[in-house]
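Q: Can you make the complete structure from the sequences, with help from the hints?
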Amino acid sequence: MERSLKIKKMVMITILSVVAIVLQLFSNYVQFGPVSITLALIPIVVGAIIYGPLAGFAIGCFAGVITFVAPTTIAIFWPYGVFATFLVCVLKMGLAGLVSGYLYKLINKSNSKVAVVISSISVPLVNTGLFAFAAYIYYKDLLTSLAPTDQTIVAYLFLSFIGVNFIIEFLVNSLLSPVVLRLVNFANNKYLNND
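With the numbering used here applied, the sequence shown closes on residue 195, and no number is skipped along the way.
Think of the hints as simulated: they come from the structure by calculation, not from any bench. All C-beta atoms in this analysis are idealised placements derived from N, C-alpha and C, irrespective of residue type, glycine included. Take the hints with a grain of salt, since some may be wrong.
Heads up, simulated DSS-like pairs for lysine-lysine below, C-alpha to C-alpha not over 30 Å straight-line [what the hints assert, rightly or not]:
#1 Lys9 / Lys105
#2 Lys6 / Lys140
#3 Lys109 / Lys6
#4 Lys109 / Lys9
Label-pair ranges, simulated between beta-carbon atoms [what the hints assert, rightly or not]:
#5 Met10 / Leu125: 27 to 37 Å
#6 Val11 / Leu175: 25 to 35 Å
#7 Arg182 / Met10: 47 to 57 Å
#8 Leu54 / Tyr156: 32 to 42 Å
#9 Val22 / Val82: 22 to 32 Å
A: Here it is in structure tokens:
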């Protein structure tokens, strides 16, 4: 029985990883400004909540690899450091899943609904926050070259690179993750009860 549950868990994490990869492939071509939006955050948070922080980290890393090889990433960020770009793309999404999973575990002890909402909201916050931090450190020359002369690079980073994308990611993830989580929980309960 325990082996069967481990296999089901691995299969579901794999399925969520594939969904995250497909969503990330699609979102590589949906841009508002110079950076594409991240639709893969939904399966990351669902995986982190249901299967734990390490599952969220793994799913996030898989989606991050797709971001790393996206044409926009290659064109804009690779010239400023391929290894740094790899770390930024992969780790920021992985850490977003990890944080989401740990927040859920911590808050779920007192209120499961609040835990789902906080975990869902944390993913775009961590993902975008780490991107902003890394962009300021690793891509300062890029930001300086792109920013208008009357605008600081921090203002340009938040207004042009992050602004609309973050709002869309935040709204999509905040609104859809609890719904998707309910559907996944329903499917899991139905599947487990039929065994």
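Q: State for each hint whether it applies.
A: Structure-based check of each hint:
no.: 1; hint: Lys9 / Lys105; in the structure: holds, 17 Å
no.: 2; hint: Lys6 / Lys140; in the structure: violated, 45 Å
no.: 3; hint: Lys109 / Lys6; in the structure: holds, 23 Å
no.: 4; hint: Lys109 / Lys9; in the structure: holds, 22 Å
no.: 5; hint: Met10 / Leu125: 27 to 37 Å; in the structure: holds, 29 Å
no.: 6; hint: Val11 / Leu175: 25 to 35 Å; in the structure: holds, 27 Å
no.: 7; hint: Arg182 / Met10: 47 to 57 Å; in the structure: violated, 23 Å
no.: 8; hint: Leu54 / Tyr156: 32 to 42 Å; in the structure: holds, 36 Å
no.: 9; hint: Val22 / Val82: 22 to 32 Å; in the structure: holds, 25 Å
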